[in-house]
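*Asks:* Protein sequences, first through last, are from chains A and B. Everything in the first sequence is counted per the working numbering, starting at 29 for the first residue and increasing by one. Everything in the second sequence is counted per the working numbering, starting at 19 for the first residue and increasing by one.
Among the hints, erroneous ones may be present.
Unchecked claim - Below, a list of computed lysine to any residue pairs in the SDA-like style, where the Cα atoms sit at most 20 angstroms apart:
hint	chain 1	residue 1	chain 2	residue 2
1	B	Lys31	A	Ile44
2	A	Lys81	B	Asp66
3	A	Lys115	B	Gln109
4	B	Lys90	A	Ala139
5	A	Lys115	A	Asp149
6	B	Lys31	A	Ile40
7	B	Lys92	A	Ala126
8	A	Lys128	B	Arg107
9	B	Lys193	B	Gly63
No lab work stands behind these hints: they were computed from the structure.
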Amino acid sequence: MSIQKQRGSIVIETAIILPLFLFLVFSGIELARGLIVRASLNHVLAEAAREIKLSPIKSGGYQAKIKAVMNRNDASLLDANLVKVVKEEFFDSPTELAMKSGYADRTGLVAPMALYRVEYDFSTLSPWLKTLNFDTEILVKYEV
Amino acid sequence: MKFNQKPQIKYQKGIVAIEFIFVLPIVILVILLSFDLSRYFQQQGQLDRLSYSLATMISHRQQYYLDSITKKVKPLDQQQVGELAQIARNQLNDDGIAINVHSLVRNVEPGSQSRFSDGSAQCQWKSSSTINQNLPVITPENLFKEPTIFVVELCQPLIGFSLFSQFSGAGDFTKLYARSLTVHR
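Work out the full structure, taking the sequences as your base and the hints as a guide.
*Replies:* Following this line, the structure appears as C-alpha cells:
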C-alpha cells in the first residue's frame with residue numbers, strides 16, 4: 029500500500045526542485061561568463077587606451093581603436109561589433125576635469141585628456157537575464 | 019538473493035527535498051560569495067586604472083602646473099591633490115574616496131619630500147620617508163638626472179555587509195586600496 033502511494037514521488041520532487049537547481053546552475057555559468065567578458069573588456073580597453081594616447085587620433089577614433097585591438101588580439105568571448113563608445117569628452121587640465129567642464133573635440137587643446145564611456149551589451153544563455161550590460165569609463169592622457 | 023524493498027522505499031519519502039534543503043544554503047552562499055568577490059575585483063580594477071591615470075596626470079605637470087610669472091613648474095600642493103581627489107570621486111561616483119600623494123624630490127641636497135592628502139579614509143601605505151629609503155640609492159653622478167618621484171594612493175571605503183570579509187577572516191576588510199608610482203616627465 030505504502031509503495032503504491034510513494035510511486036513517482038521522486039519524480040515529482042525532482043520536477044519541483046529541478047527548475048530551482050537549473051536556475052542556480054545557469055546563474056553560476058552566467059556569472060562566470062560575465063566575469064570573463066568583463067576581464068577581457070578591461071584588458072582590451074586598457075590596451076586601446078595605451079595605443080590611443082600615443083597616437084594623434086582626432087575625436088571619434090577610440091571606438092575604431094578598440095575594434096582594431098580586438099581584431100588583433102583574440103579576446104575571450106568578446107564581439108567587436110558590440111562595443112560602443114557612448115560618450116567622449118576632452119579636457120585641457122585637471123582643473124577642468126575636476127569641474128567636469130569639458131569639450132566635445134580635442135582640437136586646439138594643448139595637453140588633452142579624454143574621458144570615454146564605453147558600453148558593451150551581450151545576450152545571455154539564461155532566459156531570465158536576456159542581456160547583460162557592462163559600461164565603464166576610461167581616462168586617457170594624450171601624449172601626442 | 020532476495021531483498022525486501024518495502025521498508026527502504028517507505029523511508030525514502032521526501033528524501034530529494036530534504037537533501038536539497040541541506041545543499042541549497044551552501045549553493046546559494048557560494049553564488050552570493052562569487053557575486054561579492056566579482057564586485058570587489060571590478061571595483062579594484064577601476065581603482066587601479068584610476069590611480070594610474072592620476073599618477074600620469076601629475077607626472078605631466080609641466081603641462082598643467084606652470085607658474086605664469088616665473089614659467090617654472092609649481093611644486094605639488096594641496097590644491098592640486100584636492101583636484102585629483104575630486105576627479106577620482108567624479109569618476110567612481112563615490113564621495114568617500116580618499117587620496118594620498120607623495121612627492122619625493124631626490125635631486126637636491128638634501129632630498130626633500132612632501133605628502134598631501136584629501137579625504138577622511140585612512141589611506142597610507144608607508145610614510146614618505148620610508149618609501150624614500152626603500153628606493154635605490156642615487157649615485158652622485160646621477161643626482162641631477164634623477165626626476166621627482168610621485169606616489170599616488172587611492173582608497174575606496176566598502177559600505178555594507180561583506181560576505182567575503184566574514185568568510186575570509188579579513189576583519190579589517192573595510193576599504194579597497196590602489197597605488198601607482200610615476201616619475202616627473
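*Asks:* Are the hints correct? Go through all of them and say.
*Replies:* So, going through the hints one by one against the coordinates:
1. Between B:Lys31 and A:Ile44, the direct Cα distance comes to roughly 14 angstroms. Compliance with the 20 angstroms bound is thereby established for this hinted pair.
2. Between the alpha carbons of A:Lys81 and B:Asp66 the distance comes to roughly 18 angstroms, so the proposed pair stays at or under 20 angstroms and holds.
3. As the CA atoms of A:Lys115 and B:Gln109 are separated by approximately 14 angstroms, the hinted pair is consistent with the 20 angstroms bound.
4. Our distance criterion of 20 angstroms between C-alpha atoms is met by B:Lys90 and A:Ala139, whose separation comes to about 17 angstroms.
5. For the hint pairing A:Lys115 with A:Asp149, the CA-to-CA distance comes to about 15 angstroms; that is within 20 angstroms, so the pair holds.
6. Taking the CA atoms of B:Lys31 and A:Ile40, the gap is about 11 angstroms. The hint holds against a cut of 20 angstroms.
7. The hinted pair formed by B:Lys92 and A:Ala126 meets the criterion: a straight-line CA distance of about 19 angstroms does not exceed 20 angstroms.
8. Restraint check: the Cα-Cα separation between A:Lys128 and B:Arg107 comes to about 12 angstroms, which is no more than 20 angstroms; the hinted pair holds.
9. Restraint check for B:Lys193 and B:Gly63: the C-alpha separation of about 14 angstroms stays at or below 20 angstroms, so the hint holds.
Violated hints are absent here; each numbered hint is respected by the structure.
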